[in-house]
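J.: Sequence:
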Amino acid sequence: VSTQSTGKEAVNNLTDEDIKEILALSKDEMVGERIMDSIGPSIYGHANIKRAIALSLFGGVPKNPGKKHKVRGDINVLLCGDPGTAKSQFLKYVTKVAPRPVFTTGQGASAVGLTAYVQKHPVTREWTLEAGALVLADNGVCLIDEFDKMNDSDRTSIHEAMEQTN
1176 VSTQSTGKEA VNNLTDEDIK EILALSKDEM VGERIMDSIG PSIYGHANIK
1226 RAIALSLFGG VPKNPGKKHK VRGDINVLLC GDPGTAKSQF LKYVTKVAPR
1276 PVFTTGQGAS AVGLTAYVQK HPVTREWTLE AGALVLADNG VCLIDEFDKM
1326 NDSDRTSIHE AMEQTN
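When you line the sequence shown up against the numbering used here, it's residues 1176 to 1341, in that order.
Possibly wrong hints are sitting among the right ones.
[What the hints assert, rightly or not] Below, computed lysine to aspartate or glutamate pairings styled on EDC-like, alpha-carbon distance capped at 16 Å:
1. K1324 x D1257
2. K1238 x D1249
3. K1267 x D1320
4. K1262 x D1320
5. K1262 x E1321
6. K1295 x E1305
7. K1262 x D1323
8. K1267 x E1321
[What the hints assert, rightly or not] Taking CB as the label site, the calculated pair distances span:
9. D1313 x P1258: 25 to 35 Å
10. T1190 x P1297: 41 to 51 Å
11. P1297 x L1200: 45 to 55 Å
12. G1259 x R1300: 46 to 56 Å
Hints are computed from structural coordinates only; laboratory data are not their basis.
Cβ atoms here follow ideal geometry from the backbone N, Cα and C, with glycine treated the same way.
The task is simple: from the sequences and hints, build the whole structure.
T.: This is how it looks when you write it as structure tokens:
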């Protein structure tokens, strides 16, 4: 589990049987292939896409070589392809298995809605700051379907927000 807030809880909730199974998997030379095969099992083929999704879910290791600059361990995935190549099905599968998944579509999304926005509370009439999809998916996974339907300025804002992650 890669989420900071629930990582300790998940470890504390492991049973002896879970630990045995994890140790057995750690000794399996084919564990990578087994993980890839378990991603979208109803979708035939697409081994490279399944590998990319698996790597993204497990994440990388942040590094700071020579204490000069920090390299994030985040692995971002962009799926491009013809209609009917199961892109949306992969996204829907990831929402079921990923930590803190937030699914949205680019069709109705804007940079404001994906990062944060200000609105007047209907009851108190006070201004409040509401988190967008990227903020809600912090230490989790934000999935944006139909990314090509967004306008260029909103897409640029998402890229900037991705650069600012820790």
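J.: Now tell me, hint by hint, if it's right for this structure.
T.: Going through the hints against the structure:
1. K1324 x D1257: holds, 15 Å
2. K1238 x D1249: holds, 11 Å
3. K1267 x D1320: holds, 10 Å
4. K1262 x D1320: Roughly 8 Å between the alpha carbons, so the hint for K1262 and D1320 holds.
5. K1262 x E1321: holds, 9 Å
6. K1295 x E1305: holds, 10 Å
7. K1262 x D1323: Roughly 13 Å separates the two Cα atoms, so the pair holds.
8. K1267 x E1321: holds, 13 Å
9. D1313 x P1258: 25 to 35 Å: holds, 32 Å
10. T1190 x P1297: 41 to 51 Å: holds, 45 Å
11. P1297 x L1200: 45 to 55 Å: holds, 49 Å
12. G1259 x R1300: 46 to 56 Å: holds, 48 Å
No hint from the list above goes unmet by this structure.
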